[in-house]
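Take a look at the letters that make up each chain.
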Amino acid sequence: MTSPNERLQAKPVSPSSASPKRGISGIGRVLVVVYGILALGATGRSFVQIAERFDEAPVAYTLSALAAVVYIVATVALIRSGSGWYRIAWITIAFEFLGVLTIGTLSIVDPELFPAATVWSYYGAGYLFIPLVLPPLGMWWLARHRPNRGVAAGATGDAR
Amino acid sequence: MIEPFTWIQVAVAVLAGLLCLIVGFSGRKPSDLTLGAVAVVELLLVIQLVVAIVAPFTGNTAVGSVLEFYTYLISALLLPIAAGFWALVDRSKWSTVILGVAALAIAVMVYRMQQIWTTLPQ
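Chains as they are written, first to last, in this note's numbering: chain A, 1 to 160; chain B, 1001 to 1122.
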């Protein structure tokens, strides 16, 4: 009926053989869900901040929105398999860790810089410190679940 | 919000969360018990939604941001549905743990909703 070439959606290249079920096994599922909840929380808060009072603290609120997007991408990257998504997972999770450490420190050293709370203020205290705890857990899990052939993901260029 | 009802709701969500975590870590797949506990949490959230809609007409209005309140409430309403579907699709003990995580997250969110309802935004 339809022409076979109709579907041009750029699907992520799936490693044809030995596709490891990286994103969806064991306790990793719980990790994904916690990331999902954090993404939901960060998105919700960011939506409210921007909709209601963006002018008050544009920097903090833009950062909130950025953090929310990164959490969403990290959640998706953890679910998908393949070395490309693996690298994206590393990048986003590392970014979150850097974010929570940087903003957490800044919010204590110079509170006036961030008059409004972000997910990362005070090392994520407003989110039960989950933003601080989750990235190391995520990285630990990623390190233990490399995609096939143990290519040093992240260090190589395009791994396919 | 009606404060006593809120605290009951938080308590139920915490208990349901702990129950699912314990049952999950002991290796059980999602069961009627654990799914039912999360269903009760969802039911209470629906009641909370009705209360939140009706309360302002009785003079019980939110002090804080109404938009923020409903963002939490709607997010919370989605969680049991998402976790429940997950539990039906993925029949493993981790789905039970996930039900517990969702219920605990809801407990925190309801607590936060109570704060928003009763205190001025900073």
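In case anyone wonders, no lab produced these hints; they're calculated from the structure. Worth double-checking, as some hints may not be accurate.
[As the list claims (entries may be wrong)] Among chain A residues calculated to face chain B with C-beta under 10 Å, some are:
1. 27
2. 33
3. 45
4. 84
5. 88
6. 91
7. 94
Just so we're clear, the structure is a prediction, and the values are computed from it rather than from any experiment. Where is the CB? At the ideal position from N, CA and C, for every residue including glycine.
Consistency of the hints with the structure:
1. 27: holds, 6 Å
2. 33: holds, 5 Å
3. 45: holds, 8 Å
4. 84: violated, 24 Å
5. 88: violated, 22 Å
6. 91: At about 25 Å, which exceeds the 10 Å cut-off, the nearest Cβ of chain B leaves the hint on residue 91 (chain A) violated.
7. 94: Hint on residue 94 (chain A): violated, closest Cβ of chain B at ~24 Å, above 10 Å.
The structure shown violates the earlier hints numbered 4, 5, 6 and 7.
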